[in-house]
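Residue numbers 2 to 833, in the numbering used here, belong to the letters of the sequence shown in order.
Worth double-checking, as some hints may not be accurate.
[Said to hold, decoys possible] Each computed DSSO-like pair below joins lysine-lysine, with the alpha-carbon atoms no more than 27 Å apart:
hint, residue 1, residue 2
1, K652, K712
2, K453, K241
3, K124, K60
4, K291, K63
[Unchecked claim] Cβ-Cβ distance ranges computed for the label pairs, FRET-style:
hint, residue 1, residue 2, range
5, P472, A589, 45 to 51 Å
6, E62, L624, 51 to 57 Å
7, M764, A693, 19 to 25 Å
8, S628, A132, 55 to 61 Å
9, S376, K220, 54 to 60 Å
10, G229, E622, 55 to 61 Å
11, A192, K652, 25 to 31 Å
12, E186, G229, 25 to 31 Å
13, S376, G50, 44 to 50 Å
14, S717, D686, 43 to 49 Å
15, Q287, S197, 41 to 47 Å
16, K652, S197, 50 to 56 Å
17, A132, T421, 40 to 46 Å
18, S156, E186, 25 to 31 Å
Hint data in this document are derived by calculation from the structure and do not stem from the laboratory.
Every residue gets a Cβ at the ideal spot worked out from N, C-alpha and C, and that includes glycine.
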Amino acid sequence: MAKNLLIVESPAKAKTINKYLGKDFTVLASYGHVRDLVPKEGAVDPEHGFAMRYDLIEKNEKHVDAIAKAAKGADHLFLATDPDREGEAISWHIAEILKERGLLKDKTLQRVVFTEITPRAIKEAMTQPRAIASDLVDAQQARRALDYLVGFNLSPVLWRKVQRGLSAGRVQSPALRMIVEREEEIEAFIAREYWSVEAECAHPSQSFTAKLTKLDGKKFEQFTITDGDTAEAARARLVKAAAGALHVTDVASKERKRRPAAPFTTSTLQQEAARKLGFTTRKTMQVAQKLYEGVAIGEEGTVGLITYMRTDSVNLSQDALGEIRDVIARDYGTRAVPDKPNVYTTKSKNAQEAHEAVRPTSALRTPAQVARFLSDDERKLYELVWKRAVASQMVPATLNTVSVDLAAGSEHSFRASGTTVVDPGFLAVYEEGKDTKTSEDDDEGRKLPAMKIGDRVPLDRIHADQHFTQPPPRFTEAALVKALEEYGIGRPSTYASIIQTLLFRKYVEMEGRSFRPSDVGRAVSKFLSSHFTQYVDYDFTAKLEDELDAVSRGEEEWIPLMEKFWGPFKELVADKTESVDRSEATGARELGTDPKSGKPVSVRLGRFGPYAQIGDKDTDEKLEFASLRPGQSMHTITMEDALELFKLPRKLGLSNDEEVSVGIGRFGPFAKRGSVYASLKKEDDPYTIDLARAVFLIEEKEEIARNRIIKEFAGSDIQVLNGRFGPYLSDGKLNGRIPKDREPASLTLEEAQQLMETTGKPMRGRFGKKAAAKKEPAVKKAVAKKAAGDKPAAKKATKKVAKKAAKKATTKTAAKKAVKKVAKKAAKTAKA
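Working from the sequences, and respecting the hints, build out all of it.
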């Protein structure tokens, strides 16, 4: 066994690095985190210095055991987990586990860090080992403890006041607040009408349009004209004043430089991949992880193609700068290379620990050269990273903007603008995507004909166009990531998990590529904003992130930080648990009075989602309920739409002398005739479906039921049935398999019985639970069969069942418990 053991996080990385380091090293993977807080109350103890109780992550136990086994025979241990505070924490946890197992005696244990998986970077890192950075570990522990304390104390309050099963997170909740507040802005938005006026100019060499800038001697602004009559009157005055032509009064030409964007950070990579490739933040990070860990590149073997993708740095190493500048000179000419490398500064409030931007490990590996070795998604993301890094070190683009003022008489004026590229510079390689389009973008690439002051430009026509102001757009993933970063909320490496949590909890839904908060999400956000205001405040959350960064730099102690947070938070949780009324917490709305019954109509949030209610629980004996339809929100639904919900069940008419109706049940919308129920399809709406369609669905189900039974046997419960995955046998308790080479309809009763005996398995219920009766434990049978005096047999049976129970258990602790439980039960039975 090699005397040097190096531990990384992922198996792909381990495989690549093993090739670089050779036979003197054993390289093993931890498969991510190895320990976490025990998932129950008391894992963090504020009464004893915020002591944290950790347990091995079950799925990674075997990997930890493999590391421990290899550590026994090694002299030197190197911890090479990722170069950020999470990676530092993983290294610390591995070291703690090995220390607890007594495996570090007379061995060296060192931390090594590399931000790219290349032979040069690995070998260089191995020459610069260091100790585990305790400040980074403290910062990570503080972050984990804060998240735990917020989650375990705030979530139960949400269960009591809003809905069971909800959760609140320290960073997740401010992110949700952003999405909810944007939705409220959209709902409160009142559109304003305005009119624009343009002139269509018929210049002999090239036609173009010009926008009105002065009307009746005054500056023309967005809301100068707000109705059609005024617009038409203004248009008529302009036509009359122009008398068929506009006169050039000013020509201005201005040259400007546009600088390239900085190389990617985690955040800007996520934003740009969302804008240009349509990737989610999660997908971006998954694909980037593969490119970082290594890809097989022909004769080169496996090599990491990009540097570490969790970083806030926009710096590039001297080696990388030199190589990028060589590539620019080779492929785009020496004119495209600036005299000195371009230097950028990060806009992020919090700096990540990795030291470089996301870049190709070698700019010499162009996207075209490696494309055939990559999947489609890998190729797209690598090309994005490569182009951004190369463009960042090119000369600025030189643009020329020409503005021409054209008069219509003495009181009115139009302006036409055009922007042309004089020297593309970095634009020859890459241009940054934009979230919103500006008027400047309309002019880009537009070239105006040559004009000079005094020229008369023929006028084709003048037209006025109606517009309405638009509400602010919903957040896309790119826009949300940008906002979180600007506010300093969370870490770029956590944005993907924040978004996934919001989607998983169904606090938000995707509408196209934008986030729309659900009624549950709005209730959670409203509750937290109203009663835990400080803890979802953007500035408070950002300040806490700054303090955690101060801990990572050794400028602040983590326990005093925790104490400062915990005291007020604990008091507030206790107060709100008692004082808040549930109906206020869920955002119930009164809509009006039902014209038929005279009872109040309201919308509320219940256990299974939003619903409408007719009646008052305090005064009415009987209440009516109806679930909201998909796409409806309790915050925007009208009285008219709410009353429509109570039209179910609907009677559609008669079929085969039986009433046909539609309604919504526990398992969704259905059509019913007599005792037959048929689920509606996705495209069917219970509020609009007609009789013919409902009858079709019912008879379709009846036909399926008729065809389900292939064969029955007199005097037996066994049937040959048609199932979702083909023919099978069933007696109502067990299901049996039919050989593929056997015709199901030709089976005899004896053959069916034999197949049930050999292949029969318990049926599963609707939710996957087995419907078989419990079997008597083997120990009980053995003890009952043998008298109390036949102790050897009982003992043997006990051992057999205990062994079986231990084998089934997924952890060592569970195995021990299972053995003890079985042995105790057997002993008790034997004694009796």
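Each hint, compared with the structure:
For the given pair, K652 sits about 37 Å from K712 by alpha-carbon distance, which is inconsistent with the 27 Å threshold. Note on K453 and K241: the hinted pairing holds, with a Cα-Cα distance of about 24 Å set against a maximum of 27 Å. Restraint check: the Cα-Cα separation between K124 and K60 comes to about 31 Å, which exceeds 27 Å; the hinted pair is violated. Simply put, K291 and K63 have alpha-carbon atoms about 23 Å apart, close enough for the 27 Å limit, and the pair holds.
As the Cβ distance of P472 to A589 is approximately 26 Å, the hint placing it in 45 to 51 Å is violated. Checked against the given bound of 51 to 57 Å, the beta carbons of E62 and L624, roughly 52 Å apart, stay inside it. Between M764 and A693 the C-beta distance comes to about 36 Å, which lies outside the given range of 19 to 25 Å. Separation of S628 from A132 is about 59 Å and conforms to the stated range, judged on CB atoms against 55 to 61 Å.
A beta carbon spacing of about 55 Å between S376 and K220 agrees with the range 54 to 60 Å that was offered as a hint. At roughly 56 Å, the beta carbons of G229 and E622 sit within the given window of 55 to 61 Å. At about 41 Å, the CB distance of A192 to K652 disagrees with the hint of 25 to 31 Å. Distance hint check for E186 and G229: the Cβ-Cβ separation is about 28 Å, which falls inside the suggested range of 25 to 31 Å.
Remark: the range hint 44 to 50 Å for S376 to G50 is upheld by a beta-carbon distance near 49 Å. As the Cβ distance of S717 to D686 is approximately 45 Å, the hint placing it in 43 to 49 Å holds. At about 45 Å, the beta-carbon gap between Q287 and S197 stays in the expected band of 41 to 47 Å. Distance hint check: the CB atoms of K652 and S197 are about 54 Å apart, consistent with the given range 50 to 56 Å.
The given range of 40 to 46 Å is broken by A132 and T421, whose C-beta atoms sit roughly 58 Å from each other. For S156 and E186, the Cβ-Cβ distance of about 28 Å falls inside the hinted range of 25 to 31 Å, so the restraint holds.
Going through the hint list in order, the structure does not satisfy hints 1, 3, 5, 7, 11 and 17.
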